[in-house]
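S.K.: So you can see what is in the structure, the chains are spelled out below.
There are 2 protein chains.
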Amino acid sequence: MLKQEVKDRFISIVGEENFVDNNASLLAYSYDSATQYQAIPDGVVAPRNNHEVAEIVRVCNEHKVPIVPRGSGTNLCAGTTPVEGGIVLIFKHMNQILEIDEENLTMTVQPGVYTKDVNEAAKSVGLFYPPDPGSQHISQIGGNISENSGGLRGLKYGVTRDYVIGLEIVLPNGEIIRTGGKLAKDVAGYDLTRLYVGAEGTLGMITEATLKLIPQPETKKTMLALYHDLEAAAETVSAIIANRIIPVTLEFLDQSTVKVVEDYAKVGLPTEAKAILLIEQDGAPEVVERDIEKITALCRENKAFDVSVAQTAEEAEQLTSARRTALSALSRLKPTTILEDATVPRSEIANMVKAINEIAAKYDLNICTFGHAGDGNLHPTCLTDARNKEEIELVEQAFEEIFAKAVQLGGTITGEHGVGMMKLPYLHMKVGEAGVEAMRNIKMALDPNYIMNPGKVFARERVVVNK
Amino acid sequence: MLKQEVKDRFISIVGEENFVDNNASLLAYSYDSATQYQAIPDGVVAPRNNHEVAEIVRVCNEHKVPIVPRGSGTNLCAGTTPVEGGIVLIFKHMNQILEIDEENLTMTVQPGVYTKDVNEAAKSVGLFYPPDPGSQHISQIGGNISENSGGLRGLKYGVTRDYVIGLEIVLPNGEIIRTGGKLAKDVAGYDLTRLYVGAEGTLGMITEATLKLIPQPETKKTMLALYHDLEAAAETVSAIIANRIIPVTLEFLDQSTVKVVEDYAKVGLPTEAKAILLIEQDGAPEVVERDIEKITALCRENKAFDVSVAQTAEEAEQLTSARRTALSALSRLKPTTILEDATVPRSEIANMVKAINEIAAKYDLNICTFGHAGDGNLHPTCLTDARNKEEIELVEQAFEEIFAKAVQLGGTITGEHGVGMMKLPYLHMKVGEAGVEAMRNIKMALDPNYIMNPGKVFARERVVVNK
Chain Z
1 MLKQEVKDRF
11 ISIVGEENFV
21 DNNASLLAYS
31 YDSATQYQAI
41 PDGVVAPRNN
51 HEVAEIVRVC
61 NEHKVPIVPR
71 GSGTNLCAGT
81 TPVEGGIVLI
91 FKHMNQILEI
101 DEENLTMTVQ
111 PGVYTKDVNE
121 AAKSVGLFYP
131 PDPGSQHISQ
141 IGGNISENSG
151 GLRGLKYGVT
161 RDYVIGLEIV
171 LPNGEIIRTG
181 GKLAKDVAGY
191 DLTRLYVGAE
201 GTLGMITEAT
211 LKLIPQPETK
221 KTMLALYHDL
231 EAAAETVSAI
241 IANRIIPVTL
251 EFLDQSTVKV
261 VEDYAKVGLP
271 TEAKAILLIE
281 QDGAPEVVER
291 DIEKITALCR
301 ENKAFDVSVA
311 QTAEEAEQLT
321 SARRTALSAL
331 SRLKPTTILE
341 DATVPRSEIA
351 NMVKAINEIA
361 AKYDLNICTF
371 GHAGDGNLHP
381 TCLTDARNKE
391 EIELVEQAFE
401 EIFAKAVQLG
411 GTITGEHGVG
421 MMKLPYLHMK
431 VGEAGVEAMR
441 NIKMALDPNY
451 IMNPGKVFAR
461 ERVVVNK
Chain G
1 MLKQEVKDRF
11 ISIVGEENFV
21 DNNASLLAYS
31 YDSATQYQAI
41 PDGVVAPRNN
51 HEVAEIVRVC
61 NEHKVPIVPR
71 GSGTNLCAGT
81 TPVEGGIVLI
91 FKHMNQILEI
101 DEENLTMTVQ
111 PGVYTKDVNE
121 AAKSVGLFYP
131 PDPGSQHISQ
141 IGGNISENSG
151 GLRGLKYGVT
161 RDYVIGLEIV
171 LPNGEIIRTG
181 GKLAKDVAGY
191 DLTRLYVGAE
201 GTLGMITEAT
211 LKLIPQPETK
221 KTMLALYHDL
231 EAAAETVSAI
241 IANRIIPVTL
251 EFLDQSTVKV
261 VEDYAKVGLP
271 TEAKAILLIE
281 QDGAPEVVER
291 DIEKITALCR
301 ENKAFDVSVA
311 QTAEEAEQLT
321 SARRTALSAL
331 SRLKPTTILE
341 DATVPRSEIA
351 NMVKAINEIA
361 AKYDLNICTF
371 GHAGDGNLHP
381 TCLTDARNKE
391 EIELVEQAFE
401 EIFAKAVQLG
411 GTITGEHGVG
421 MMKLPYLHMK
431 VGEAGVEAMR
441 NIKMALDPNY
451 IMNPGKVFAR
461 ERVVVNK
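Read top to bottom, the protein sequences are chains Z and G. In terms of the UniProt record's numbering, the first sequence opens at residue 1 and continues consecutively. In terms of the UniProt record's numbering, the second sequence opens at residue 1 and continues consecutively.
It should be emphasised that the hints constitute simulated quantities derived from the structure, not laboratory data. Misleading hints may appear alongside valid ones.
Treat identical chains as interchangeable: a pair holds within one or across any two.
[As the list claims (entries may be wrong)] 25 Å max Cα-Cα, derived BS3-like pairs, lysine-lysine:
hint: 1; residue 1: K123; residue 2: K156
hint: 2; residue 1: K362; residue 2: K405
hint: 3; residue 1: K7; residue 2: K92
hint: 4; residue 1: K294; residue 2: K123
hint: 5; residue 1: K220; residue 2: K156
hint: 6; residue 1: K220; residue 2: K294
hint: 7; residue 1: K354; residue 2: K334
Using the sequences and the hints, build the whole thing.
M.R.: Structure follows, in structure tokens:
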């Protein structure tokens, strides 16, 4: 519960209409896309500019009120669940594209802009903002930055971090700083820009971002390769890279996922295939043509039983859209869908998928796997029911084994979804206790009152884990 | 002076032969490429592996002995001057390329590997490590990482940070952590990897790095465009980018630099030109051919009085080598060469070069300017004499004005050289007092005893600057 005094101060900063604490609103902001986590905030605040954000932060810092910055809540790690109460801060008024600078190839945005609008605005001037997280149609860029979102183009173009070159940040003490800028090079002190990208809102609030754009690729081609077994698909991935071709997209779907997606999207995906690769290349027409030819040959050499190149843009769009529906399609089947993103070096994909299947069998769970094979970024997805406590316990054990296996193979517990509350118990597996401690020290140095998105990434206190 | 007890412990860790404190050795490590700064260390230690590094760090942490990690000392910011004494830690025993992984396109290296050996090892298997700082023939990769070195290919390929995907770090408390990995995506907690890239050795010691490689471009072309005035050259840069072409290299040299370089390198550079652009494009042959044609046309449209494309690889190599000699050529002329790297959005290059010339005239200084026009990263270089105290004072005033102008134009005080001691007094201009304070808080959280490369990036204590 907020003290009346604090509530009054919020209202005096943002106006009556931009503070709500009725039950319906609080409920609406009590969960994100990791719906199995839920906690009711004490208020929802919609500041209109960076100075209002700074004033709110100062009040919260003074009164030790937790602040959860939130975009559209599409994150999959319970990164915006207000687990310690306090206020959820939303950016519905700070949703403008402030500038597209065609000379410096940058776009400056407020956090509340939808990712798809960033993409489209860039495209409208022949430029390209590559990151395309699955939720881009409804996600906001501020959330993408805080989660360092990935997507289907990571292999060739990298992730959100690689396109954020400047930030305006409200620090937990209410000071406003600006990092980076429209600069290809900047080494003035520590790289706060990249520290804040992916910090999950635990170090301060991003109120403006300058994004790097690149020229729009001239053309793109999409193809599909079907396999009777998983290993052959994984070997194809390795063969493509070994031949020094970096496709823009190299997606993998296992048979269970293909069946569900086809049932949902009806685009004619071959449900008899044990594994599918969806491959895209973009760039200059001659290069795309040549790469697609080479990739086709490599798929065949590696025992694809069918390889087809989309003949029209519509056909290509249909295939990639079908892949994008994977999560929605899967989540229709059971009350609860738990989507993970264990990630491994790409050479270990076959081993990882095999391990996932073995672990699913061991615990008798329904786990479908799809993901970004080129990045080694897999999305084992468990279809379950949060109300079935016994099964959920098994799911947790299974995922812990999956994370351990990923780390053992040189991978990580999360490739693009973030830690949030969901992977907090596993962070030490990847970075070690000393790594967690280093992160916690940074957190406490910048946010000594622990107001910024508390309960995410790592626990407030040091917990010694015996493992 | 080191206490005998501390010295004995160092010797017991690394062996007698790997600790030196004779005067000649101490003198050799008392300065780096920013030769106007000098300070004598108390010892030079050459550990043989990460565990020895960790043990040394523990001893230093216990006894509050400063540690300056040092590669070849080619940095230009007095980043490795042992200004508070203590030990210089060198990596002559930790100089191995540990692995080239062709499946995951990574190279794992120890910090003491020469940058050129990284480049060549990548090339030998058809891969490419793009960062190419001017000193790459003698610089070490550990130093490049700690300084986030740039180079001539930043426009298209980015800087060192963009190719470091995993680190082994010895923290100031002696703990060893590993960050990232052979992973295209990893969001497990704060991005310590990028925090340590460019941290100038102030947050811990890098003992191993995993670098991302990309396929070697198939071909490359080099061209030269000559101008009667600066604005036309700057407009060409803008026109190339506005036409959605991103060359790999887009270098600018002013007339004073051209004259000195030609006098030194004798490659037939046209000393009558007021400004020269050296442009390179790489990639697929068709694309390179087309881009070079378009760029040629754009140079002509923007009033280049001569445009020539190198006809052979040797000719091309000669041109880029000539550019690379700029610093050496300039430094022959006067006892002291002060090379700066004020950086601006590329659209502001003409304004920045004009401002530099005006400031040089105002203080009656000899400043030549060259640099990476495509990155907006300029190297105004002052030829002076450190023994002439009066002139040095003017030089300092001039550079302070140059930095202020760069920041006013949306730029930064350092694009690729780092802060070190040299730009410590100016950091607040770029990141503000609150930004400096945030960085200092991070430093103190990770290195509470202030042992790691003290006196660099920011002052130990908060200094309130009234400006």
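S.K.: Now look at each hint and say whether the structure bears it out.
M.R.: Hints versus structure:
Proximity of K123 and K156 under a CA criterion of 25 Å is satisfied in both settings, with 18 Å inside one chain copy and 20 Å between copies. Taking the shortest Cα distances, K362 and K405 sit within 25 Å of each other inside one copy (14 Å), while across copies they are farther apart (65 Å). Taking the closest pair of Cα atoms, K7 and K92 come within 25 Å of each other only inside a single copy of the chain (20 Å); across copies the shortest separation is 61 Å, beyond that limit. In this homomeric assembly, K294 and K123 come within 25 Å of each other (Cα to Cα) only across copies, at 22 Å, whereas the closest approach inside a single copy is 28 Å.
Both within a single protomer and between protomers do K220 and K156 lie at most 25 Å apart by alpha-carbon distance, with minima of 13 Å and 20 Å respectively. Taking the shortest Cα distances, K220 and K294 sit within 25 Å of each other both inside one copy (15 Å) and across copies (22 Å). When the C-alpha separation of K354 and K334 is checked against a cutoff of 25 Å, the pair qualifies only within one copy, where the shortest distance is 24 Å, while the shortest distance between copies is 66 Å.
In the structure shown, no violation is registered for any of the earlier numbered hints.
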